[in-house]
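Residue numbers (the numbering used here), protein chains in the order written: chain A, 616 to 919; chain B, 137 to 409.
Mixed in with the good hints there might be a few duds.
[As the list claims (entries may be wrong)] Pairs of lysine to any residue, SDA-like flavour, derived with a Cα cap of 25 Å:
| id | chain 1 | residue 1 | chain 2 | residue 2 |
| --- | --- | --- | --- | --- |
| 1 | B | Lys292 | B | Glu315 |
| 2 | B | Lys273 | A | Trp824 |
| 3 | A | Lys825 | B | Leu208 |
| 4 | B | Lys276 | A | Met808 |
| 5 | B | Lys273 | A | Asp810 |
| 6 | B | Lys228 | B | Gly167 |
| 7 | B | Lys162 | B | Phe212 |
| 8 | B | Lys375 | B | Leu399 |
| 9 | A | Lys825 | B | Val234 |
| 10 | B | Lys344 | B | Phe212 |
| 11 | B | Lys210 | A | Met808 |
| 12 | B | Lys290 | A | Arg807 |
Hints in this document: simulated from the structure, not taken from any laboratory.
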Amino acid sequence: MAQDGSFVANGSVEPGPVAAPKVNLNYNLFELRALRSTFLTAAAWLIALLGAIPLLSVIYMLVVKGGARLGYELFTELPPAGFELGGGIGNAIQGTLVTVAIAALISIPIALLAAIYLAELRPNSQISVWARFLSKVLTGFPSILAGVFVYAAVVLLMGTYSALAGGIALAVLMLPTVTLTAEGAMRMVPQRMKDAAIGMGCTNAQVVWKVTLPTALPSVVTGVILSVARVAGESAPLLFTALFSNYWLRSLREPTASLSILIYNFSSMPFENQIELAWAASLVLVMIVLGFNILSRFIGRPQV
Amino acid sequence: MSYVEALAPKEAPQKAPDVVIDCDVKKIMYGAFQAVRDSRVPIEKGKITGFIGPSGCGKSTVLRSLNRMNDLIKGFSLAGEVHFLGHNVYGKNIDPVVVRRHIGMVFQQPNPFSMSIFNNVAFGLRLNRFKGDIHEKVEKSLRRAALWDEVKDKLKESGLSLSGGQQQRLCIARAIAPEPTVLLMDEPCSALDPIATRRIEELMLELKKDYTIALVTHNMQQARRVADKTAFFSVDISKGGRTGYLVEMGDTDQIFDAPQAQLTKEYIRGEFS
Chain A
616 MAQDGSFVAN GSVEPGPVAA PKVNLNYNLF ELRALRSTFL TAAAWLIALL GAIPLLSVIY
676 MLVVKGGARL GYELFTELPP AGFELGGGIG NAIQGTLVTV AIAALISIPI ALLAAIYLAE
736 LRPNSQISVW ARFLSKVLTG FPSILAGVFV YAAVVLLMGT YSALAGGIAL AVLMLPTVTL
796 TAEGAMRMVP QRMKDAAIGM GCTNAQVVWK VTLPTALPSV VTGVILSVAR VAGESAPLLF
856 TALFSNYWLR SLREPTASLS ILIYNFSSMP FENQIELAWA ASLVLVMIVL GFNILSRFIG
916 RPQV
Chain B
137 MSYVEALAPK EAPQKAPDVV IDCDVKKIMY GAFQAVRDSR VPIEKGKITG FIGPSGCGKS
197 TVLRSLNRMN DLIKGFSLAG EVHFLGHNVY GKNIDPVVVR RHIGMVFQQP NPFSMSIFNN
257 VAFGLRLNRF KGDIHEKVEK SLRRAALWDE VKDKLKESGL SLSGGQQQRL CIARAIAPEP
317 TVLLMDEPCS ALDPIATRRI EELMLELKKD YTIALVTHNM QQARRVADKT AFFSVDISKG
377 GRTGYLVEMG DTDQIFDAPQ AQLTKEYIRG EFS
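For reference, chain A alone in the conformation it holds in the complex:
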């Protein structure tokens, strides 16, 4: 700015510009600071890759070992007996989908209503405090105990292992996670939106159904899908409840096959064919779980 002289107050033509301190703004790769940064970035990358190795190697192994059997037959045929060749895991896929669907049908409505109570109706009541605490306890509940509980409560009562009992056992596991995520999602809805609804003349129920729930829906659905994905891979609770079956499921009051139990059963058999099927079933199970996770990503995005 000294060049044009316009800022010079005393009017002298050449005021002798203040010597600008010499600065070097160029990037210097070999400065200690830059070196350290490069090193740390590389280390972070490396460790991230290390973290991904278990997942990637599992998937790689499943594809290599189970990929060969992936085909039409796998999805449509019943599991083979002893020395038979061929066969598929159709009934196990069916069984897993049915039990998970039963679990979702039972747990989602209860969990949503509970979440509405916790988040909207009486967030600070004694019941809410306890319900929240017990839900948290239940999220860490050993899944095999859910199976034992349903064995005592349902299987003994019905006199038979059944898909229904399996579904109920999975529902017990889904309930706390769905409740807590739905509560969290509804609490995230800003109070001013609820105020606006009340100001429009909404009853409490209308505020919940027309504003809070729709606004929270993407996150609620994400929570639901993630917990569905989680229980789809459970085997322990199904051991005492759904048991296993070598046939297609015809009634919910019958025992049913499931992918996780099939993997468990077949992997310990002395037949090559069964072991291959166990690998293929593992691959299918992982793909189902992965599919649910990817789905939740899409739905969880903010809508409109």
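On the provided structure of chain A, position chain B as indicated by the hints.
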């Protein structure tokens, strides 16, 4: 109590034919805290009534008690009467939900719902089971809120995608769509920039042709620009608490040019705030 009466408006305003809400608050309590005392504010039809005063003077509290929004606050209680078209809003068999459908509200922070622009405006219509052309009604409301031209091509986009000023006009469109009798506006411009504020003010002047408006503002100039009647509130800290009360109320010109009470004079002159 006696000096209180000296400050309260002497002549009770005549229940003129066009008083829509006759608000006569004796006492508003939040638990043990007395927030407001002795404030009589008649809201006249087709006019903008401005509520001004320093922070904590209870102007918002009084406004929110008109449509029973304060019911949501724990420990709230009101002594006195608020008459809306002859009904005591705090009467025994009154449903606050119904009251709020007749007395709409625009809040300090723009608060559109997380849904499309169209659905935001249609919300109140659907709530009231509006029978008729909902599209026409939405367009009309958006036009009246001076927002139509800006949003007519993106009615399906989220209400939250609009700018702050647009969001507030959307909230006004939403509030007026079900055609309430009165519109309460609680510092509607405090979160907006001066240009957006000016637009909302123009809008208020336009809207008062059809609606009765009660406006809380911390901006005296705004009250002067748009309000027909102005109510000046202040805080009484003499008894240790911070109790708001109405100091004086009158035509806006009178309040600003010839205030009666000493407090009003000082406030208008900007000696405290």
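Checked hints:
1. B:Lys292 <-> B:Glu315: holds, 23 Å
2. B:Lys273 <-> A:Trp824: holds, 24 Å
3. A:Lys825 <-> B:Leu208: Judged against 25 Å, a Cα distance of about 18 Å means the pair holds.
4. B:Lys276 <-> A:Met808: Between Lys276 of chain B and Met808 of chain A the Cα gap is close to 23 Å, so the pair holds against 25 Å.
5. B:Lys273 <-> A:Asp810: holds, 23 Å
6. B:Lys228 <-> B:Gly167: Judged against 25 Å, a Cα distance of about 21 Å means the pair holds.
7. B:Lys162 <-> B:Phe212: Distance ~14 Å between Lys162 of chain B and Phe212 of chain B Cα, so the pair holds.
8. B:Lys375 <-> B:Leu399: holds, 17 Å
9. A:Lys825 <-> B:Val234: holds, 17 Å
10. B:Lys344 <-> B:Phe212: Judged against 25 Å, a Cα distance of about 31 Å means the pair is violated.
11. B:Lys210 <-> A:Met808: Given pair Lys210 of chain B, Met808 of chain A holds - Cα atoms ~19 Å apart, limit 25 Å.
12. B:Lys290 <-> A:Arg807: Roughly 24 Å separates the two Cα atoms, so the pair holds.
Consistency note: the structure conflicts with earlier hint 10 alone.
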